[in-house]
Amino acid sequence: MIEVQEVGRSFTVGRRRDRRTVHAVRDLSFTVGAGEFVGYLGPNGAGKSTTIKMLTGILAPTTGRIEVAGLDPSRRRTALARRIGVVFGQRTTLWWDLPLRDSFELIRHLYKVDRVVFRERLEELSSLLGLGDFMATPVRQLSLGQRMRGDVTAALLHDPAVLVLDEPTIGLDVVSKAAMREFLSRRNAEHGTTVLLTTHDLGDIERLCRRVMLIDHGHLAFDGTLDDLRATVPEEKSIEDVVARLYTGQATTGA
Amino acid sequence: MADTVRTYLLLAWTWLRASAQYPGPLITMAVGAFAINMLDVVAIWVIFEHTPSLAGFGLAEVMFLYGTSSLSFAVSDMLFGNLDRLSQHIRTGSFDAMLIRPASAFVQMAVDRFSVHRFGRITQAVIVLAIALPRLDLPWSRAWAVPPMILCGIVIFSSLFALAGAAQFLLTDAPEVANAFTYGGSTLTQYPLSVYGRDLVRGVTFVVPLAFVNWQPALFVLDRPDPLGLPYWLRFVSPLAALTLAAVAALAWRAGVRRYRSTGS
Numbered sequence: 001m002i003e004v005q006e007v008g009r010s011f012t013v014g015r016r017r018d019r020r021t022v023h024a025v026r027d028l029s030f031t032v033g034a035g036e037f038v039g040y041l042g043p044n045g046a047g048k049s050t051t052i053k054m055l056t057g058i059l060a061p062t063t064g065r066i067e068v069a070g071l072d073p074s075r076r077r078t079a080l081a082r083r084i085g086v087v088f089g090q091r092t093t094l095w096w097d098l099p100l101r102d103s104f105e106l107i108r109h110l111y112k113v114d115r116v117v118f119r120e121r122l123e124e125l126s127s128l129l130g131l132g133d134f135m136a137t138p139v140r141q142l143s144l145g146q147r148m149r150g151d152v153t154a155a156l157l158h159d160p161a162v163l164v165l166d167e168p169t170i171g172l173d174v175v176s177k178a179a180m181r182e183f184l185s186r187r188n189a190e191h192g193t194t195v196l197l198t199t200h201d202l203g204d205i206e207r208l209c210r211r212v213m214l215i216d217h218g219h220l221a222f223d224g225t226l227d228d229l230r231a232t233v234p235e236e237k238s239i240e241d242v243v244a245r246l247y248t249g250q251a252t253t254g255a
Numbered sequence: 001m002a003d004t005v006r007t008y009l010l011l012a013w014t015w016l017r018a019s020a021q022y023p024g025p026l027i028t029m030a031v032g033a034f035a036i037n038m039l040d041v042v043a044i045w046v047i048f049e050h051t052p053s054l055a056g057f058g059l060a061e062v063m064f065l066y067g068t069s070s071l072s073f074a075v076s077d078m079l080f081g082n083l084d085r086l087s088q089h090i091r092t093g094s095f096d097a098m099l100i101r102p103a104s105a106f107v108q109m110a111v112d113r114f115s116v117h118r119f120g121r122i123t124q125a126v127i128v129l130a131i132a133l134p135r136l137d138l139p140w141s142r143a144w145a146v147p148p149m150i151l152c153g154i155v156i157f158s159s160l161f162a163l164a165g166a167a168q169f170l171l172t173d174a175p176e177v178a179n180a181f182t183y184g185g186s187t188l189t190q191y192p193l194s195v196y197g198r199d200l201v202r203g204v205t206f207v208v209p210l211a212f213v214n215w216q217p218a219l220f221v222l223d224r225p226d227p228l229g230l231p232y233w234l235r236f237v238s239p240l241a242a243l244t245l246a247a248v249a250a251l252a253w254r255a256g257v258r259r260y261r262s263t264g265s
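Residue numbers (UniProt numbering), protein chains in the order written: chain A, 1 to 255; chain B, 1 to 265.
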């Protein structure tokens, strides 16, 4: 479903004399099959968001080849948009001044979802995520938890084959977080939606992801199951400590 | 193409409905835009209190030039003016949100926050033209050229807005540079170009084709010899100039999106 082959992305930063090239991602390769639920980990600035942006077609890779749902994201961006759903936890993709209901209606038109099908899906998502109380509220007045549920709904109304989530639980309280995890897990199990999720919350990973990829300095440093990940640092008990060791480079990883 | 127009109208309608919840500020802004631009007309009128002609053009003729330029600019500003706020959208990350939708980012950007205050300037331009046109007493053999001239002007200004947007993929820090060409171009074409220096007129004829917004076609409509002695056929080149500029703008926008860098995180 997602194929990344020897992908690199560099940025030129600075001006004139102190101009230099930063490699946000280099020589990155991985494959995600249909129906997988993959966690994508890495310290700040490791290249997670850059990868997400390349997978969704926002950024074009400098080198290498990407295929998502059978399409080259940066070249077929609008066609790809119909097959994937994207959620940025840090900021909404909804229309700030529009009531949630209007945002969804707009999405129905943009994605050309049939009216009847749309109503069924919205009803299902709305009852699962409990949107009923704030459907008429403009997005800017929603709490973070409400907004995130709105964003997730918006990303699923066209029933995408792939769901890309960039920190979907950031800033959520314990209860909202648990509800979000429960929802994502069911979505993956019942609809077979392929999910790629980045997070700094290892609870997300432990409860959701059968497979973990860890990126560091633009390289894939680990790719395997959660148990494999634990096994890389046998002397550490908690997954937090294992990941901390990996981030600070105090462990040898066998990917 | 039909799909693009549909998306534009759909988004515009949604924004209009959302903004209708707060009619007060919108009406104030529309009236404000109307009043501020009417000051331009007062300025022209004051000039003609002191002189019977400006670079050989009478009051009605100058108002005709002002009205055509203003109408073309106002329509393209309404449709595409938001493009020159691209750097703002890039900085806040809302441009990323447009890129993940199955619709042209160009259209989404152009129509973002569409509201009625964008109509204020159009009303003013229409009024000016409505006053100027009857006073010119144009024969049909020349008057036919007015609508195509305004249309070409719209395409030229719209292309300039698109270019201004495309430039901001590179100049995220200095969006105002582009304003020199859009708003500057609008102000420049409100007067007979012959009041400016010869080199400037050549520049806006052959480099940035502002002379084709209204000046060259107006020479035909008003049946005037070119004060700078440029060839007669230039008066009919506006459609070609407009389409060429539109093509350049489309390529520039495409290249800009292609090399878009997004923001951190």
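What the hints contain is simulated information worked out from the structure, not anything from laboratory work. Careful: at least some of the hints might be erroneous.
What the hints assert, rightly or not - Here are a few chain A residues that face chain B, going by a calculated C-beta distance under 7 Å:
1) Ala-60
2) Leu-98
3) Leu-106
4) Val-116
Using N, Cα and C, we set each Cβ at its ideal position, and we do this for glycine too.
Hints versus structure:
With its C-beta approaching chain B no nearer than about 6 Å, A:Ala-60 sits inside the 7 Å limit, and its interface hint holds. A least Cβ separation of about 5 Å between A:Leu-98 and chain B falls short of the 7 Å threshold, and the interface hint therefore holds. Hint on A:Leu-106 holds. Least Cβ distance to chain B is approximately 6 Å, under the 7 Å limit. At its closest, the beta carbon of A:Val-116 sits 20 Å from a beta carbon of chain B; the interface hint therefore is violated under the 7 Å criterion.
Going down the numbered hints, you'll see the structure goes against just number 4.
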